[in-house]
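A.B. asks: So the protein sequences, as listed, match chains S and V.
According to numbering that gives the first Met the number 0, the stretch in the first sequence is residues 0 to 357, in order.
According to numbering that gives the first Met the number 0, the stretch in the second sequence is residues 0 to 357, in order.
Calculated directly from the structure, the hints in this document are not laboratory data.
These figures come from a predicted structure and were not determined experimentally.
Glycine is no exception: its CB is placed at the ideal position from the N, C-alpha and C atoms.
Nothing false has been slipped in among the hints.
Some chain S residues judged to face chain V by a derived CB distance under 8 Å, without partners named: (1) N21; (2) N33; (3) D35; (4) T70; (5) I237.
Listed next, the stretches of chain V that the computed footprint assigns to chain S, with coverage defined by at least 3 CB atoms under 8 Å from CB atoms of chain S: (6) 62-76; (7) 103-112.
Straight-line alpha carbon distances no greater than 25 Å define the calculated BS3-like cross-link-like pairs of lysine-lysine that follow: (8) S:K299 - S:K278; (9) V:K226 - S:K106; (10) V:K226 - S:K230.
Number of protein chains: 2
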Amino acid sequence: MTKLFQAFQQTNHQLVGHGPRNVDVLKQAFEGINGDVPSDLYGNGRVIEEFQEKIASYLGKEAAVFFPSGTMAQQIALRIWCDKKGMKTVGYHPLSHLEIHEEDGIKELHNIKTILLVDKNRVIEIEDVVNLKEDISCLLLELPQREIGGQLPSFETLQAISEYCHDKDIKLHLDGARLWEVLPYYQRTAPEVCSLFDSVYVSFYKGIGGIAGAILAGGKEFTEESKVWKKRHGGDLISLYPYILSADYYFEKRKDMMGQYYEDAIELASYFNKCEGVKTIPEIPVSNMFHVHFEMDIDKVIPILIDIYEETGIGITSNLRKTDNNGCYTEISIGDQYREVPQDKLEAVFQKLKEKLV
Amino acid sequence: MTKLFQAFQQTNHQLVGHGPRNVDVLKQAFEGINGDVPSDLYGNGRVIEEFQEKIASYLGKEAAVFFPSGTMAQQIALRIWCDKKGMKTVGYHPLSHLEIHEEDGIKELHNIKTILLVDKNRVIEIEDVVNLKEDISCLLLELPQREIGGQLPSFETLQAISEYCHDKDIKLHLDGARLWEVLPYYQRTAPEVCSLFDSVYVSFYKGIGGIAGAILAGGKEFTEESKVWKKRHGGDLISLYPYILSADYYFEKRKDMMGQYYEDAIELASYFNKCEGVKTIPEIPVSNMFHVHFEMDIDKVIPILIDIYEETGIGITSNLRKTDNNGCYTEISIGDQYREVPQDKLEAVFQKLKEKLV
Chain S
0 MTKLFQAFQQ TNHQLVGHGP RNVDVLKQAF EGINGDVPSD LYGNGRVIEE
50 FQEKIASYLG KEAAVFFPSG TMAQQIALRI WCDKKGMKTV GYHPLSHLEI
100 HEEDGIKELH NIKTILLVDK NRVIEIEDVV NLKEDISCLL LELPQREIGG
150 QLPSFETLQA ISEYCHDKDI KLHLDGARLW EVLPYYQRTA PEVCSLFDSV
200 YVSFYKGIGG IAGAILAGGK EFTEESKVWK KRHGGDLISL YPYILSADYY
250 FEKRKDMMGQ YYEDAIELAS YFNKCEGVKT IPEIPVSNMF HVHFEMDIDK
300 VIPILIDIYE ETGIGITSNL RKTDNNGCYT EISIGDQYRE VPQDKLEAVF
350 QKLKEKLV
Chain V
0 MTKLFQAFQQ TNHQLVGHGP RNVDVLKQAF EGINGDVPSD LYGNGRVIEE
50 FQEKIASYLG KEAAVFFPSG TMAQQIALRI WCDKKGMKTV GYHPLSHLEI
100 HEEDGIKELH NIKTILLVDK NRVIEIEDVV NLKEDISCLL LELPQREIGG
150 QLPSFETLQA ISEYCHDKDI KLHLDGARLW EVLPYYQRTA PEVCSLFDSV
200 YVSFYKGIGG IAGAILAGGK EFTEESKVWK KRHGGDLISL YPYILSADYY
250 FEKRKDMMGQ YYEDAIELAS YFNKCEGVKT IPEIPVSNMF HVHFEMDIDK
300 VIPILIDIYE ETGIGITSNL RKTDNNGCYT EISIGDQYRE VPQDKLEAVF
350 QKLKEKLV
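Just chain S, same shape as in the assembly:
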């Protein structure tokens, strides 16, 4: 545990997140649930079937399957589309979760070749898809592109990419790990966004703040096939209800909060951008998340942040990472906790940050 993390843990308020990831998250979700509710059983039973139907309908898709993780769900989605076309090549962003956070599962388990579409610092545009030199079975778009601060293409770009892929017999898959979080910016419903995609993955432990778990949605034939692969991956557990019932609880609690988080992110980013040597990416957030870049060396920024946490009792972030140009950055995700920080305390935090960064 780093010093920064420890100092962050000891603050009274935090600008980010929904609060600590602890057993209380589970206890709160299950408090109102009757003990005699039967477990799901290897993918069957009311608990899992009803939630799958609910989210399928919420996304405007025919069917949905609950998975323990997005890693599992997305590899399977791409595998199904590759098998359907008989071509084991897919395309995605160079900083896609599949490329950098999954130990190459897509290659090691599924033997799928991946084409990285663009330079890592920007999102995929229609030109990038049109200019692909190789045919692919499936294109994966991540909305928002998390590793570059949560940037988004325009909705018109999504429509153009969707139309192009449809014409070229390329399946379009949505990595919607933070889909709920971008709907307010697009001013679109989930079905309006999802209708552009053949398959969709959504997560329940990011903006929603559940314990873990994912939904993979699409046509019935696709989701039925995904169940077979779910069993192969070892994801068809006898009981997934600890994740499902908590996902449902926090989905209901927070699905209508995404507009609030988005506005809060815009406000908080503006505070950061007023500090010398600090900038956010995107400058104006398009979801509840953004990255904060400091032009200063990480070893200088850490003690400054720790001082502020100790002096104000407010935590800004629990971690910092170095960048290539001798600076450092952190990822900010707004949740329930931002609203709980008193306005004068917030002002004080940034007053101090401004002074100390000079």
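Chain S is already provided as a structure; the job is to place chain V on it using the hints.
C.D. replies: This is chain V only, laid out in the frame that chain S set:
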């Protein structure tokens, strides 16, 4: 839901299992756990590390990794041993879980060829291993062999197979889904059994009665490699504590009950064997489980069982399956509920069964 299952659900007592798989299983486990206990985080943190160390030590292995499922853990174990030897062939029983319950994940995801060692109605003996015509990287033994009633080889056979495999550079993997349950019969400790194997999988929702989850144990190099594959499979969840903390709770509650379950199984099997046209496999159980075979057609046995459930309020089993020879069978697993059935009621059940089967 079948009529038999429904009738079973409505009984006051059941001869099998620990009770209904419902939300109460989770609630009971978490009742005594503080809400401020931090979640594990992608395989790290006290909650997961301490449990892994505890079970590793309980099994007498250097290290252990918690997995969401045995399906995932065992495919990974075999893959690691295949890669180590540079040969993608393994051997196991024709009714191994990997062969019949996993949609061929081992073949579809890992491209591993499987050799089925013996006729499906008996366990693997040393001769079967010696007479293998093809070299294999790993031999998987399931103790007990669940699909044939939970039969076991002798401990001397295990020792001989272990020695032979060691000499021939074949890794020996233990499918110990019901390992806890066979220790009383062998009159051996877990480390004594596990020392014969290079890697071991154990489960926490069978005799232990937890919610879900598995441990894979072995040498440190092996378990570290298994963590990489766990991520690839999509099993390295941000939070596994709902399974881990409940596994720990029920492990403590039931690990010393296995001798009792074993004795109860012997008693219950003897009741069945006194009925005309009924026999158990094994005749004398060697764990908490056995199969009951009826020589009568399934469509005749079901109404008989339902009658008994309704007349006595005691459930025997929730399901029956057809056999090849016009009979049917069911799997019995003894848990906490057997002891709760009053002796006179038990006698009454079998008195009625005897009468009705004539």
